[in-house]
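Q: Hey, can you work out the whole structure from these sequences and the hints?
Using the numbering used here, the letters of the sequence shown map in sequence onto residues -18 to 101.
Please note that the accuracy of each hint is not assured.
Mimicking DMTMM-like on lysine to aspartate or glutamate, the simulated pairs with C-alpha atoms at most 20 Å apart in a straight line are [claimed, not checked]:
1) K61 with E96
2) K9 with D77
3) K93 with E57
4) K61 with E41
5) K61 with E11
6) K93 with E41
7) K61 with D77
8) K9 with D55
9) K78 with E96
10) K9 with E54
11) K62 with E84
12) K35 with D47
13) K78 with E41
14) K93 with D77
15) K62 with D47
16) K35 with E24
17) K62 with E24
18) K9 with D(-17)
19) K78 with D45
20) K93 with D55
21) K9 with E24
Source of the hints: derived by calculation from the structure; they are not laboratory data.
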Amino acid sequence: MDWIIHYIIDQPGPFPHLCNAHTHGMEKYEHLDFQMVLNLPPEHIAYLLNTLGKRVQNGEVFHDGDMVSGIYEDCEICLKKFRETGRDVLRLIIPDKYNRFPEDERCMAPYKYQELSMFE
-18 MDWIIHYIID QPGPFPHLCN AHTHGMEKYE HLDFQMVLNL PPEHIAYLLN TLGKRVQNGE
42 VFHDGDMVSG IYEDCEICLK KFRETGRDVL RLIIPDKYNR FPEDERCMAP YKYQELSMFE
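A: Shown next as structure tokens:
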């Protein structure tokens, strides 16, 4: 792998289940970097970000609004463009255990907070 992952867990504010984990290095593939904000175990975040990075390295191109399959067996994830410290990234939006995304009012916490713009 020729990219890095920054994993920042000390996020200020009322959302302790959020973090700012993101890649640096996708620009060499003329692609946006990826970001996760759910504070999952570091190994799981690395799996998700590296899986997408490998897919980009192998020629796939992802865009804002894409639904990505093949990462989890039982659901797709959504990619949405956000600003992260002055640059655009594709944020992985993961559904809750009922496969509900944040726009669904029944989406469970902390999954429902994934679309907050906190890292501009």
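Q: A separate judgement is required for each hint: does it hold in the structure or not?
A: Hints versus structure:
1. Distance check on the hinted pair: K61 and E96 sit about 8 Å apart at the alpha-carbon level, within 20 Å; holds.
2. Of the supplied pair hints, the one linking K9 and D77 is violated, its CA atoms being roughly 33 Å apart against a limit of 20 Å.
3. A distance of roughly 16 Å separates the Cα atoms of K93 and E57; the hinted pair therefore holds under the 20 Å criterion.
4. With a C-alpha separation of about 16 Å, the suggested pairing of K61 with E41 holds against the 20 Å cut-off.
5. The hinted pair formed by K61 and E11 meets the criterion: a straight-line CA distance of about 17 Å does not exceed 20 Å.
6. Of the supplied pair hints, the one linking K93 and E41 is violated, its CA atoms being roughly 28 Å apart against a limit of 20 Å.
7. Proposed proximity of K61 and D77 is supported: the alpha carbons are some 16 Å apart, at most 20 Å.
8. Proposed proximity of K9 and D55 is contradicted: the alpha carbons are some 32 Å apart, above 20 Å.
9. With a CA separation close to 17 Å, the supplied pair K78 and E96 stays within the 20 Å bound.
10. As the CA atoms of K9 and E54 are separated by approximately 30 Å, the hinted pair breaks the 20 Å bound.
11. The straight-line distance between the Cα atoms of K62 and E84 is roughly 15 Å, inside the 20 Å bound, and the hint therefore holds.
12. Between K35 and D47 the alpha-carbon distance is near 17 Å, which keeps this suggested pair within the 20 Å criterion.
13. Taking the CA atoms of K78 and E41, the gap is about 27 Å. The hint is violated against a cut of 20 Å.
14. Straight-line distance between C-alpha atoms of K93 and D77 comes to about 8 Å, which keeps the hinted pair within the 20 Å bound.
15. The hinted pair formed by K62 and D47 meets the criterion: a straight-line CA distance of about 10 Å does not exceed 20 Å.
16. Between K35 and E24 the CA atoms are separated by roughly 16 Å; this keeps the pair inside 20 Å, and the hint holds.
17. Among the hinted pairs, K62 with E24 is inconsistent with the structure: their alpha-carbon atoms are about 23 Å apart, more than 20 Å.
18. Proximity of K9 to D(-17) is assessed by CA-CA distance (about 9 Å); at most 20 Å being required, the pair is judged to hold.
19. A threshold of 20 Å between alpha carbons decides the hint, and for K78 with D45 the separation of about 23 Å lies outside it, so the pair is violated.
20. For the suggested pair K93 and D55, the alpha carbons sit about 19 Å apart, so the restraint of at most 20 Å is met.
21. With a C-alpha separation of about 24 Å, the suggested pair K9 and E24 falls outside the 20 Å cut-off, and the hint is violated.
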